[in-house]
Amino acid sequence: MTKGELPGPAPDERMHPEGRRNSQGIRIDPEAEAEHPPQRAVLSALVKHEPGVLAEVSGLFSRRQFNIESLTVGPTVDDDLARMTIVIEEPRPGVDQAKKQLEKLIPVISVRELDHDAVQRELVILKVNGRDPDKVNAITDMYDGQTLDAGPRTITIEITGDEQKIDDAIDAYDQFGIREVARTGYAAIARGEAPTAQVTQPNQAPTEAQVETEEADD
Amino acid sequence: MYMSERASVPKEHDDEQTTTTEIETGADAAVAALENAGADTLFGVQGGAIMPVYDALYEHEAMDHYTMAHEQGAVHAADAYGIVTGDPGVCMATSGPGATNLITGIADANMDSDPLIALTGQVPTEFVGNDAFQETDTIGVTQPITKYNIFAEDSDTVGKDVGEAWALANEGRQGPTLVDLPKDVTNGETDTEAAVAESPETYNPPTTADEVILEEAAKTLETAERPAILAGGGVIKGEACEELREFAQEYEIPVLTTMPGTGAYPETDDLAQGIAGMHGTGYANLAISNCDVLVGIGTRFDDRLTGEIATFAPDAEIIHIDIDPAEISKNVKADYPLVGDAGIVIDQLDEAMNQTPPADEWREQCQTWKDEYPLEYEMPDDDPLKPQYVVEKYDELTPDDAIVAAGVGQHQMWAWQFWTWREPRTWVTSHGLGTMGYAVPAAIGAKIAAPDKEVVAFDGDGSFLMTAQELSVAVREQLNITIVVLNNEAVGMVRQWQDGFFEGRRMASEYPWVPEFDKLAEAFGAQGLRVEDPDNVEETIEQAREYDGPSVIDAIIDPAENVYPMVPSGGDNARFALNEDHLEEL
Numbered sequence: 001m002t003k004g005e006l007p008g009p010a011p012d013e014r015m016h017p018e019g020r021r022n023s024q025g026i027r028i029d030p031e032a033e034a035e036h037p038p039q040r041a042v043l044s045a046l047v048k049h050e051p052g053v054l055a056e057v058s059g060l061f062s063r064r065q066f067n068i069e070s071l072t073v074g075p076t077v078d079d080d081l082a083r084m085t086i087v088i089e090e091p092r093p094g095v096d097q098a099k100k101q102l103e104k105l106i107p108v109i110s111v112r113e114l115d116h117d118a119v120q121r122e123l124v125i126l127k128v129n130g131r132d133p134d135k136v137n138a139i140t141d142m143y144d145g146q147t148l149d150a151g152p153r154t155i156t157i158e159i160t161g162d163e164q165k166i167d168d169a170i171d172a173y174d175q176f177g178i179r180e181v182a183r184t185g186y187a188a189i190a191r192g193e194a195p196t197a198q199v200t201q202p203n204q205a206p207t208e209a210q211v212e213t214e215e216a217d218d
Numbered sequence: 001m002y003m004s005e006r007a008s009v010p011k012e013h014d015d016e017q018t019t020t021t022e023i024e025t026g027a028d029a030a031v032a033a034l035e036n037a038g039a040d041t042l043f044g045v046q047g048g049a050i051m052p053v054y055d056a057l058y059e060h061e062a063m064d065h066y067t068m069a070h071e072q073g074a075v076h077a078a079d080a081y082g083i084v085t086g087d088p089g090v091c092m093a094t095s096g097p098g099a100t101n102l103i104t105g106i107a108d109a110n111m112d113s114d115p116l117i118a119l120t121g122q123v124p125t126e127f128v129g130n131d132a133f134q135e136t137d138t139i140g141v142t143q144p145i146t147k148y149n150i151f152a153e154d155s156d157t158v159g160k161d162v163g164e165a166w167a168l169a170n171e172g173r174q175g176p177t178l179v180d181l182p183k184d185v186t187n188g189e190t191d192t193e194a195a196v197a198e199s200p201e202t203y204n205p206p207t208t209a210d211e212v213i214l215e216e217a218a219k220t221l222e223t224a225e226r227p228a229i230l231a232g233g234g235v236i237k238g239e240a241c242e243e244l245r246e247f248a249q250e251y252e253i254p255v256l257t258t259m260p261g262t263g264a265y266p267e268t269d270d271l272a273q274g275i276a277g278m279h280g281t282g283y284a285n286l287a288i289s290n291c292d293v294l295v296g297i298g299t300r301f302d303d304r305l306t307g308e309i310a311t312f313a314p315d316a317e318i319i320h321i322d323i324d325p326a327e328i329s330k331n332v333k334a335d336y337p338l339v340g341d342a343g344i345v346i347d348q349l350d351e352a353m354n355q356t357p358p359a360d361e362w363r364e365q366c367q368t369w370k371d372e373y374p375l376e377y378e379m380p381d382d383d384p385l386k387p388q389y390v391v392e393k394y395d396e397l398t399p400d401d402a403i404v405a406a407g408v409g410q411h412q413m414w415a416w417q418f419w420t421w422r423e424p425r426t427w428v429t430s431h432g433l434g435t436m437g438y439a440v441p442a443a444i445g446a447k448i449a450a451p452d453k454e455v456v457a458f459d460g461d462g463s464f465l466m467t468a469q470e471l472s473v474a475v476r477e478q479l480n481i482t483i484v485v486l487n488n489e490a491v492g493m494v495r496q497w498q499d500g501f502f503e504g505r506r507m508a509s510e511y512p513w514v515p516e517f518d519k520l521a522e523a524f525g526a527q528g529l530r531v532e533d534p535d536n537v538e539e540t541i542e543q544a545r546e547y548d549g550p551s552v553i554d555a556i557i558d559p560a561e562n563v564y565p566m567v568p569s570g571g572d573n574a575r576f577a578l579n580e581d582h583l584e585e586l
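Chains as they are written, first to last, in this note's numbering: chain S, 1 to 218; chain V, 1 to 586.
Calculated from the structure, these hints are not laboratory results. Warning: the hint list may mix true and false statements.
Residues from chain S that face chain V, not an exhaustive set, calculated with beta carbons under 8 Å [to be verified]:
| # | residue |
| --- | --- |
| 1 | Leu6 |
| 2 | Pro11 |
| 3 | Arg21 |
| 4 | Ser23 |
| 5 | Gln24 |
| 6 | Ile26 |
| 7 | Gly59 |
| 8 | Arg63 |
| 9 | Gln97 |
| 10 | Gln101 |
| 11 | Arg153 |
| 12 | Ala182 |
| 13 | Arg183 |
Here are the simulated EDC-like cross-link-like pairs (lysine to aspartate or glutamate), alpha carbons at most 16 Å apart as the crow flies [said to hold, decoys possible]:
| # | chain 1 | residue 1 | chain 2 | residue 2 |
| --- | --- | --- | --- | --- |
| 14 | V | Lys393 | V | Asp535 |
| 15 | S | Lys48 | S | Glu103 |
| 16 | S | Lys48 | S | Asp80 |
| 17 | S | Lys104 | V | Glu201 |
| 18 | S | Lys48 | V | Glu201 |
| 19 | V | Lys160 | V | Glu201 |
| 20 | S | Lys127 | S | Asp171 |
| 21 | V | Lys160 | V | Glu193 |
| 22 | S | Lys104 | V | Glu171 |
If you want the ones that stay clear, here's a sample from chain S, every Cβ over 12 Å from chain V, calculated [unchecked claim]:
| # | residue |
| --- | --- |
| 23 | Glu89 |
| 24 | Glu163 |
| 25 | Gly185 |
Backbone N, C-alpha and C define an ideal beta-carbon position, used for all residues, glycine too.
Using the sequences and the accompanying hints, generate a full structural model.
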């Protein structure tokens with residue numbers, strides 16, 4: 001070996017030279033789809049109701065560069081616990097990682113990713129110009145909204161629904177001139193008897209064999 | 001020169017009560033909780049807001065407190081104490097600057113999962129939020145770098161807070177915790193019992209791995225033709241070295257170690273395939289790049305280990321054993337995630353295995369690579385002293401269980417590469433955070449943790465200058481430690497990168513103004529030695545080892561020597577440079 005010649009077998013002399021991983025560390029199977037596009041995921045977390053938890057959770061999401069769409073927090077029937085609803089947009093491995101990192105925080109008791117059919121609602125309060133009250137009221141009725149405050153110059157309305165409905169309503173009010181908007185972000189709860197967040201086992205991704213067994217059982 | 005045995009704790013007087021655990025204040029409760037948890041050693045620096053806790057310590061003769069020169073020294077010493085003993089090291093500092101001076105060491109412990117508990121003073125509760133004198137939002141500042149932190153709110157519960165913080169630092173994946181202690185809470189009266197160190201009920205670290213995945217993993221491993229084990233720091237932290245050794249030998253699987261995993265498997269064993277990663281051995285990195293099943297145990301697949309993810313163990317199915325579910329598939333997808341305690345899961349895997357993998361050819365190949373790419377350096381006669389020689393010589397002269405501390409940089413890599421590792425908890429350095437200045441306080445903490453073991457620190461001239469003041473502590477405590485400064489008058493690793501990747505533009509990396517370290521040591525009251533001639537190395541080392549107290553060896557090494565092998569940052573592990581010409585090819 002001369003001094004400038006690189007040591008070791010060249011990459012094409014590797015025992016399996018075609019092997020590669022993608023940017024998410026997943027071995028690429030040329031036969032299978034390897035990339036994971038970002039997807040929307042709704043996480044519900046039961047946390048200890050104590051100071052600093054919101055800062056800890058939001059800090060976690062920013063320092064690990066998880067793309068957060070909305071975060072809401074409020075008390076539950078248990079005075080010691082609060083529920084956080086977090087909507088993130090991440091590729092599948094990012095969603096899994098976010099769940100696990102969240103679960104790792106000591107004041108976080110449990111985390112669950114909600115199914116797409118989970119009940120999800122956001123509330124918006126809008127203040128629009130009040131020159132045309134009849135037309136404004138018509139739109140409010142159309143979106144099952146409520147008028148909270150009406151004066152000679154402004155009308156304040158509340159609308160509840162999913163993101164699409166609220167976006168549409170905001171578009172509809174735009175013609176009057178929207179002065180201010182306040183949106184809450186999502187609150188969500190699992191549909192039917194499924195629990196929203198429970199004390200879960202440490203996250204262990206099921207293997208393909210397990211998934212197949214479960215599917216066979218179904 | 002008279003030295004008390006423990007100069008930094010109050011002298012014993014016959015008429016004084018030697019110990020009391022009676023709890024009268026929040027500070028008593030905090031100290032009693034530590035004592036109850038088994039802590040008997042603390043490292044810290046006094047200051048206004050922490051004074052009540054120090055005052056409580058006055059009564060606790062069983063607690064050895066070591067006053068360090070700087071809070072960074074206290075936290076690194078406590079961190080090293082934790083690495084060597086396996087129990088949380090304890091450090092203390094006052095509010096504001098005391099607490100912020102701990103930050104580097106807490107972040108270091110967080111990256112390396114070192115068990116550590118920090119107690120910080122805080123301004124009285126009524127002043128919090130008012131920008132009071134020496135006030136810092138310590139909880140806010142340390143949140144991203146602690147496993148858990150808590151602001152003590154009440155004199156009656158502060159003991160419980162400290163006990164919880166201790167337990168959380170110690171259990172599951174270890175890590176640093178912090179309790180912020182406002183002065184009114186520590187001064188406040190309480191009559192609570194000494195708290196028991198218990199983690200919260202909701203904290204349940206996993207122990208055993210999923211049986212279904214385990215069966216599949218065993219099936220994959222027992223049929224592997226090119227299996228390898230990658231032992232990380234978690235093997236040592238989880239006390240699983242025995243299980244690992246038995247498992248590897250039973251199934252004849254080559255074992256690689258990460259930098260924190262160094263010592264988990266004896267390098268003298270035939271199956272030891274060496275240290276992996278950027279400055280790991282060629283034979284280790286070739287094994288990783290070509291294996292078909294890789295069992296990662298207690299490793300987080302850090303970028304300094306993996307290099308370019310696309311080419312990391314590209315053909316391997318990965319069995320990942322880790323106690324932290326969040327490490328699974330974080331950087332590299334685990335085909336078989338086995339979440340649990342390392343020792344227990346290795347035993348489970350052992351139970352599930354039916355045969356030794358058919359890997360005779362592979363083991364031969366691994367041996368061939370070891371023969372082809374050994375760690376090497378050249379030191380012809382009349383040439384300047386090589387750092388690798390100093391490390392090898394020191395290793396040769398010391399017992400197998402000697403503890404080696406290191407700072408961060410070239411000297412650290414040479415110490416890692418050229419020391420022959422045999423035992424766990426003998427390699428004490430800063431891995432993930434890469435904290436220059438770690439070595440001197442770490443050697444102090446390590447020696448206090450293991451007074452019967454020989455302790456040597458390898459340091460660089462740049463690294464040494466960052467915490468050299470802690471020598472004063474080693475002198476005061478008359479610790480038999482040796483600091484070997486591998487002096488190349490530069491922050492050598494930066495210079496190496498400038499030469500390799502910045503066209504030799506050596507901006508701010510050379511230190512033509514370094515002090516004479518032997519003289520500096522003497523000024524501190526330590527023995528100062530200097531060596532330049534390879535022929536004098538052995539004699540100088542012996543002089544340091546025989547000296548009763550700390551020694552500093554200023555070893556003037558060849559400034560042209562660089563660290564190889566090297567896989568450039570983000571490179572393919574199978575493409576490593578053994579010299580600068582290779583580096584240019586990459």
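Quick rundown of the hints versus the structure:
1. Hint status for Leu6 of chain S relative to chain V: holds, with the closest Cβ pair at about 5 Å, below 8 Å.
2. Evaluation of the Pro11 of chain S hint against chain V yields a held restraint, the C-beta minimum of about 7 Å falling below 8 Å.
3. Of the supplied interface hints, the one on Arg21 of chain S holds, with its beta-carbon coming within about 5 Å of a beta-carbon of chain V, less than 8 Å.
4. At a threshold of 8 Å, the smallest CB-CB gap from Ser23 of chain S to chain V is about 7 Å, leaving the interface hint in force.
5. Given hint, Gln24 of chain S at the interface with chain V, holds; its Cβ is 7 Å from that chain's nearest Cβ, closer than 8 Å.
6. Look at Ile26 of chain S: its Cβ gets to within about 4 Å of chain V, closer than 8 Å, so that hint holds up.
7. About 6 Å separates the beta-carbon of Gly59 of chain S from the nearest beta-carbon of chain V, less than 8 Å, and the hint is met.
8. Checking Arg63 of chain S against chain V: minimum C-beta separation of about 5 Å stays under 8 Å; hint holds.
9. The restraint placing Gln97 of chain S at the interface with chain V holds, with a minimum CB-CB distance near 6 Å, inside the 8 Å limit.
10. At a threshold of 8 Å, the smallest CB-CB gap from Gln101 of chain S to chain V is about 5 Å, leaving the interface hint in force.
11. With a least beta-carbon distance of about 39 Å to chain V, the hint placing Arg153 of chain S at the interface is violated under the 8 Å criterion.
12. For Ala182 of chain S, the shortest C-beta to C-beta distance to chain V is roughly 27 Å, which exceeds 8 Å, and the interface hint is violated.
13. Interface hint status for Arg183 of chain S: violated, as the beta-carbon distance to the closest one in chain V is roughly 27 Å, over 8 Å.
14. Restraint check for Lys393 of chain V and Asp535 of chain V: the C-alpha separation of about 11 Å stays at or below 16 Å, so the hint holds.
15. For the proposed pair Lys48 of chain S and Glu103 of chain S, the alpha carbon gap of about 12 Å is at most 16 Å, so the pair holds.
16. A C-alpha spacing of about 6 Å is found between Lys48 of chain S and Asp80 of chain S, which places the hinted pair at or below 16 Å, so the restraint holds.
17. At most 16 Å may separate the alpha-carbon atoms for a hinted pair to count; Lys104 of chain S and Glu201 of chain V meet this at roughly 14 Å.
18. Restraint check: the Cα-Cα separation between Lys48 of chain S and Glu201 of chain V comes to about 12 Å, which is no more than 16 Å; the hinted pair holds.
19. Pair hint Lys160 of chain V plus Glu201 of chain V holds up; C-alpha atoms about 13 Å apart against a cutoff of 16 Å.
20. Straight-line distance between C-alpha atoms of Lys127 of chain S and Asp171 of chain S comes to about 13 Å, which keeps the hinted pair within the 16 Å bound.
21. Distance restraint check for Lys160 of chain V and Glu193 of chain V: the Cα-Cα separation of roughly 10 Å lies within the 16 Å cut-off, and the hinted pair is therefore satisfied.
22. With a C-alpha separation of about 13 Å, the suggested pairing of Lys104 of chain S with Glu171 of chain V holds against the 16 Å cut-off.
23. No beta-carbon of chain V is positioned within 12 Å of the beta-carbon of Glu89 of chain S; the least distance is around 19 Å.
24. Residue-level check passed: Glu163 of chain S sits 29 Å from the nearest beta carbon of chain V, beyond 12 Å.
25. Non-interface status of Gly185 of chain S relative to chain V is upheld: no Cβ of that chain comes within 12 Å, the nearest being about 22 Å off.
Hint check: violations occur at hints 11, 12, 13; the rest are consistent with the structure.
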